[in-house]
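Take the given structure of chain A and dock chain B to it, following the hints.
Protein sequence lines, in the order shown, are assigned to chains A and B. Reminder that position 121 of the first sequence reads as 126 in the numbering used here, one-by-one numbering, no gaps. Reminder that position 368 of the second sequence reads as 373 in the numbering used here, one-by-one numbering, no gaps.
Bear in mind the hints are in silico, worked out from the structure with no lab data behind them. One thing to keep in mind: the hints can contain errors.
Sample of chain A residues facing chain B (criterion: CB under 10 Å; computed from the structure) [unchecked claim]:
id, residue
1, Ala42
2, Leu57
3, Leu163
4, Ile180
5, Ser219
6, Tyr220
7, Asp305
8, Arg392
With beta-carbon atoms standing in for the labels, derived distance ranges [stated by the list, open to error]:
id, chain 1, residue 1, chain 2, residue 2, range
9, A, Pro284, B, Gln130, 34 to 44 Å
10, B, Asn141, A, Thr403, 23 to 33 Å
11, A, Ser370, B, Gln130, 49 to 59 Å
12, B, Gln242, A, Pro80, 28 to 38 Å
In this text the structure is predicted, and so the values were computed from the model without any measurement. Cβ coordinates follow ideal geometry from the N, Cα and C atoms, glycine included.
Number of protein chains: 2
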Amino acid sequence: MPEFLHLLSPTKARKRFLSAIPQAGSIQSEIVPTEEALGRVLAEAITAPHPLPPFARSSADGFVVQASDTFGASPSLPAYLVIIGEILMGSGKTLTLESGQAALIHTGGMIPSGADAVVMIEDTQSVRSDEVEILNPVSVGENVIPEGEDIAAGEDVLDVGIRLRPQEIGGLMAIGVTNIPVMHRPKVAILSTGDEIISPSAEPSPGQVRDVNSYTLSALVTSAGGIPIRYGIIPDQYKELDRIAQEAHTASDFVIITAGSSVSARDITADVIAGLGKPGILVHGISIKPGKPTILAVADSIPVIGLPGNPVSALIAARLFALPVIHQLLRMPEQPLEARIPARLSLNIASLAGREDYVPVLLESTPDGYLAKPIFGRSNLIFTLARANGLIRIPSETTGLMAGIVVEVVPF
Amino acid sequence: MPEFLHLLSPTKARKRFLSAIPQAGSIQSEIVPTEEALGRVLAEAITAPHPLPPFARSSADGFVVQASDTFGASPSLPAYLVIIGEILMGSGKTLTLESGQAALIHTGGMIPSGADAVVMIEDTQSVRSDEVEILNPVSVGENVIPEGEDIAAGEDVLDVGIRLRPQEIGGLMAIGVTNIPVMHRPKVAILSTGDEIISPSAEPSPGQVRDVNSYTLSALVTSAGGIPIRYGIIPDQYKELDRIAQEAHTASDFVIITAGSSVSARDITADVIAGLGKPGILVHGISIKPGKPTILAVADSIPVIGLPGNPVSALIAARLFALPVIHQLLRMPEQPLEARIPARLSLNIASLAGREDYVPVLLESTPDGYLAKPIFGRSNLIFTLARANGLIRIPSETTGLMAGIVVEVVPF
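Looking at chain A on its own, in the form it has when it is part of the complex (with noise of 0.2 Å):
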């Protein structure tokens, strides 16, 4: 396939990509314990076995009525009820209260039979240790959580594809769920090729430089929930990629090869992955700036992806390609939340129009809120990256942004 014929827009490639991978996809699903669930994703829907709360509970601290016992109850003229005892916390002794009679209550505590209402500490008055003045009428249900309030027995509290949070951790402890099913993190293999790529621990004669794409990779892949495989540093020859490009195929459930830098080198990486199975690849060339010579495709239900040799591209284009792949795999919902933050930005940048740009900035605190600081390198090395923490999305439709305008800002 001839590369750059036909530039999709980014959107549209990977619509279609994503739309190639089968849903059903290659995960299976583990039972983990909830406490050590913390970033994984529900394989089921979870459903409540009881009501959350289970019993009807005080929501301060006060005295426990009937609320018609307090009806016209008022500072000059107050209710005067029977203290019959305290509501222990945890306690499962149970009193009935009657008309007529109070019982002292803490914040959480549970409501005891034949009371529908809490006086609130403040609107009463000690008179006697079994006597309690009414400052204040309550009407029914006032400062009572009835039972199942946050949620009712049988209900579906978290669906599947949920990325658990700290809350939705507490939430299942609350129900008693202290195991689920979770999915497998995904096997991503990464491979690097390049006849000039070394590893980080060799010493590089001239000419030569040291493996950053299977590191930025394998740590994206570990932040989005998937386990990187790392098939190392492979030269710009045919037989050899093409051989563990295979064998990585075989072994997992989504591949990423980064090009060797120059046109035959990525000629050779197409030409593999074109290979790997079918349909094969259905982008080759993306009208955006870095990343334009990223490759997508399929082979044989297993999602590939070739991405430009430059760290700097191959880690933005992996963000907008790679890491929805591992969303999709993981059943995650189509659309995740998308933090922007607003600033303005301190000089202009010139784009293509017909071309997506993502330009990395530096945002800095200002009294009047956040300043974008554009990181400029033509060089796009991986430290313009390691200096940003932000990225600006200029859209296709824009020939450049002015200084002093404010954008929106991916935190990065």
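Below, chain B alone, put in the same frame as chain A:
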């Protein structure tokens, strides 16, 4: 110390608290492989042992030349140069280029001595195998990334306190730094108190509820880079809580106690915290909702926080007051980047002036941007937060927010 006599604003409370925690801290550093350091925090600044790129490189596929040989070249009157070879990727063999000569070079290839520019392949035409036509002139340095353009030798490339992202890991690999000093993860003791609280794996009797706070706070601590150490569920008895709090205080870098929900249980927690060491309680009560009864203390250099027992209050207050402590213990910069998602508010929210409110919202994507739907629940139970993906902060000078206005939502 009497509770709530003088409520501090969240900002003042946090400042008073953080400034009382020793800067030097108790946290030591350790050496880890860079490839396993995602999310860890650098304990020492990293200096580049050599420039990056380590040699001048081509940023294009084409022919490397002496720029002066191309001056005046045009499609109608090309410059003719003798091809003396090809710069092989990663090869240490260096040609020396003289006037009138050119060599084939690939993106990333090393600029040979004598050469000072690269003509892109599209600005050339092949004539014979040993001669190339240059159709357009290049200036000195054109399409060349000079040695050290990204970083110079000896340059401080990464500061103490940086939390490592994929790009920093890649940058470190690029300069051959394969092992790095990172801060130990702070040990954070978590104590959950309350006579009504039982383990999530137990079956609650009437009046009992399962422990949520131990697990939400553990997950929060983990995600912030700390190691949670759970001390279990402790009854509302001074002696027992004091014994376990002393033990946790001795063994940890930071202690978090969630109080029982009754007044007397909160008093016990405050007394225990006050007795742990000097200077003791610095803040007791904050003008915030939820989270008002929060206690901030430092006991013999160890930060201690007493949180309300309500799971929503505890988690929101922990985000505001416990996360900055972990960041400070890790020597991270004081002001992390705070992402804000602009969204239209779906309905009115009332708020008390003089109090900062945090309201959980569900952000929904609409054609006009995000809509923020407040999730009210007077019960303030944990699934309120599980249903939310953001928090709205209502500043203390505001008495409420009107439906339709654009608010800034903190992703949650």
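Hints, verified against the model:
1. Ala42: holds, 9 Å
2. Leu57: With a closest approach of 6 Å, the A:Leu57 hint holds.
3. Leu163: Cβ of A:Leu163 sits 7 Å from chain B, so the hint holds.
4. Ile180: holds, 8 Å
5. Ser219: holds, 8 Å
6. Tyr220: holds, 5 Å
7. Asp305: violated, 29 Å
8. Arg392: Since the shortest Cβ distance to chain B is 9 Å, the answer is holds.
9. A:Pro284 to B:Gln130: 34 to 44 Å: holds, 37 Å
10. B:Asn141 to A:Thr403: 23 to 33 Å: holds, 28 Å
11. A:Ser370 to B:Gln130: 49 to 59 Å: holds, 53 Å
12. B:Gln242 to A:Pro80: 28 to 38 Å: Since the Cβ atoms of B:Gln242 and A:Pro80 sit about 36 Å apart, the hinted range of 28 to 38 Å holds.
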